[in-house]
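Chemist: Those protein sequences? They're chains A and B, same order as listed.
For what it's worth, our numbering labels the leading residue of the first sequence as 1, then goes sequentially.
For what it's worth, our numbering labels the leading residue of the second sequence as 1001, then goes sequentially.
Think of the hints as simulated: they come from the structure by calculation, not from any bench.
Cβ atoms here follow ideal geometry from the backbone N, Cα and C, with glycine treated the same way.
Among these hints, one or two may not hold up.
[What the hints assert, rightly or not] Sample of chain A residues facing chain B (criterion: CB under 10 Å; computed from the structure):
1) Asn35
2) Gln37
3) Phe39
4) Cys40
5) Cys43
6) Ser49
7) Met60
8) Ser83
9) His87
10) Ala139
11) Glu140
[What the hints assert, rightly or not] In silico BS3-like links for lysine-lysine, alpha-carbon gap of 27 Å or less:
12) Lys1123(B) to Lys1145(B)
13) Lys84(A) to Lys58(A)
14) Lys1145(B) to Lys58(A)
15) Lys1056(B) to Lys1145(B)
16) Lys1145(B) to Lys84(A)
[As the list claims (entries may be wrong)] Pair ranges (Cβ atoms, derived):
17) Gln112(A) to Leu1130(B): 44 to 52 Å
18) Arg1014(B) to Pro56(A): 31 to 39 Å
19) Gly103(A) to Asp1134(B): 36 to 44 Å
20) Glu1010(B) to Ser49(A): 54 to 62 Å
21) Pro126(A) to Ser1108(B): 38 to 46 Å
22) Gln144(A) to Gln1060(B): 31 to 39 Å
23) Gly1061(B) to Arg132(A): 46 to 54 Å
24) Asp26(A) to Ser1108(B): 28 to 36 Å
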Amino acid sequence: MTPVSSLASVVAAGLLGLSPVVWSIDINDARARYNYQMFCQGCHTPDGSGYGDIPPLKNMMGLFLRSEAGRGFLVRVPGSATSKLSHADLAEVLNWTLENFAGSSLPQGSYQPYSAQEVAELRAQPLQEIQRTRAGILAEIAAQTP
Amino acid sequence: MMSFFDRLFERSARSVAQSSSRRGLLKKLGGTLVGAAAVPLLPVARADNHGGGMAKPVEQGSDTDCDYWRYCAIDGFLCSCCGGSANTCPPGTEMSPVTWIGTCHNPSDGRNYVISYNDCCGKSTCGACLCQRDEGDRPPYRPDKTNDINWCLGTASAAYHCSTAVLVGVAFEE
Chain A
1 MTPVSSLASV VAAGLLGLSP VVWSIDINDA RARYNYQMFC QGCHTPDGSG YGDIPPLKNM
61 MGLFLRSEAG RGFLVRVPGS ATSKLSHADL AEVLNWTLEN FAGSSLPQGS YQPYSAQEVA
121 ELRAQPLQEI QRTRAGILAE IAAQTP
Chain B
1001 MMSFFDRLFE RSARSVAQSS SRRGLLKKLG GTLVGAAAVP LLPVARADNH GGGMAKPVEQ
1061 GSDTDCDYWR YCAIDGFLCS CCGGSANTCP PGTEMSPVTW IGTCHNPSDG RNYVISYNDC
1121 CGKSTCGACL CQRDEGDRPP YRPDKTNDIN WCLGTASAAY HCSTAVLVGV AFEE
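So here's chain B without its partners, still in its complex pose (with noise of 0.2 Å):
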């Protein structure tokens, strides 16, 4: 009965063994092990995640500019100028999940677009490329189109660092 276990166990061993190799699985398990580190890694589009298929504005213009097209409503500090960009927050900061939302003329391309002011939260005011443009900006009884209110709502910490402007769309004309 011992050997019948012997022979069955040794056949499939050496199955196995010819079929694999020792370095076969540590390439596998470092493969999954790697891959699957690597998945948080891969860029994620956050507050601009909407415009699938949308079509692309023509650009023109530098985003460290109050002039640049889609800070028409603007009212803060570039995060362009603050190591991030018109769509990313600095380093140390967090975008906020809750803003304001308005339409900007991109005479580039002769379109309106959609615009998410989304501020970045965290960190004192970043102080550089102080702009206020207010195109489209409401009183603050028409909160959801105001940029007078601390949209740093939402975040880990209340305190204003820059603001962002995030394409969300293109504007709908009839």
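If we strip away everything but chain A, and leave its shape as in the complex, we get (with noise of 0.2 Å):
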């Protein structure tokens, strides 16, 4: 089965009317699609919305994205960190379902996506303290804004 290559690209601050930073990234639809069924949709569920503890992507994970320690956690989470997805793979959906899920948190409406080499140095750092790891960005963010 020949996949179907598309290119997708980001433009930063566009819609805000702010300098145009690009960023043009590769993303297969259909394998990033499928890897986030069958790697991330059984806990944060099919639209990302999680679930009681499960926390969700919608409209949130773009927070993280705030801090260079967020920005690592998305990936040095388990549920990433020890996925059986190759570092292109794991970039490549983690950059999909910022596309499609992170909607308002993502800062200025835009992000720099992940790279395969990001995510390999990124996930040889798993997390051990997990929930405080993220109370303590998600602190850190707030205390960001205004």
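These two chains come separately, so use the hints to put the complex back together.
Modeler: Spelled out as structure tokens, the structure:
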């Protein structure tokens, strides 16, 4: 089966009329969707809303990109770091998820996509104290917001 | 002055009376009430609401048999033997929103599909059509790919009743 390759362009700050920075990334939509279904959706639910104790991705995960530690957190959590996805596929599904679910939580409506190399370096340092780390990152981000 | 108001209100009241009827109001009001009441009755796809535009699989076999293609990794009672179906829970039970997901090969069209094994919860075990196929099942240290844990997570009750095999999408192949 030949995968349909798709090019997703992310235009940073374009909607807000800020200086136009363009990040261009390759996302194979069919592959990324499949990997989301296989490795994320079971807990995070089909639309990323989460449920109960399972944190939502929808209109939430983009918040983490507001800090360096937060950016690392999305890769270092067990669901990402210990999945059987390759570094390139994990980077792709993270970018796909940000594009499809992060919505209003993205800083200035856009983001710098993850690369396979960045993912490789981050997942080599998996998190131990996940909930405490998460709370600390969210507190740091909340303190930034004017 | 008062006669001016009298004439004004008389004219507007007659104009409303000529262009409408008492039953017309009842008809519109009734339609709105019934329409609003019917909205929650419309069919709602829950776990399988991801497959917009997805190619439909060629179906063969009975969903009350363990051999049915979608049950390749099932371990439990088939909801289709318990008053539900391969996609829906029996009355009185609640589908767990948290689940594990795998793929099954459909021999009728030669394709692999993504299957979500949502459990139905809230009643004691169904007891009918126990199936254990376990193809692709992994040990609990890979929790997102194991059928050995009770997936009644996120439901009001953790009592396991039966298992579904909801079609999520077509598996991606390089």
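Chemist: If a hint holds in the structure, say so; if it doesn't, say that too.
Modeler: Right, here's what the structure says about each hint:
no., hint, in the structure
1, Asn35, "8 Å, holds"
2, Gln37, "5 Å, holds"
3, Phe39, "7 Å, holds"
4, Cys40, "9 Å, holds"
5, Cys43, "6 Å, holds"
6, Ser49, "9 Å, holds"
7, Met60, "17 Å, violated"
8, Ser83, "8 Å, holds"
9, His87, "16 Å, violated"
10, Ala139, "26 Å, violated"
11, Glu140, "29 Å, violated"
12, Lys1123(B) to Lys1145(B), "24 Å, holds"
13, Lys84(A) to Lys58(A), "23 Å, holds"
14, Lys1145(B) to Lys58(A), "23 Å, holds"
15, Lys1056(B) to Lys1145(B), "24 Å, holds"
16, Lys1145(B) to Lys84(A), "11 Å, holds"
17, Gln112(A) to Leu1130(B): 44 to 52 Å, "51 Å, holds"
18, Arg1014(B) to Pro56(A): 31 to 39 Å, "58 Å, violated"
19, Gly103(A) to Asp1134(B): 36 to 44 Å, "38 Å, holds"
20, Glu1010(B) to Ser49(A): 54 to 62 Å, "57 Å, holds"
21, Pro126(A) to Ser1108(B): 38 to 46 Å, "42 Å, holds"
22, Gln144(A) to Gln1060(B): 31 to 39 Å, "57 Å, violated"
23, Gly1061(B) to Arg132(A): 46 to 54 Å, "50 Å, holds"
24, Asp26(A) to Ser1108(B): 28 to 36 Å, "34 Å, holds"
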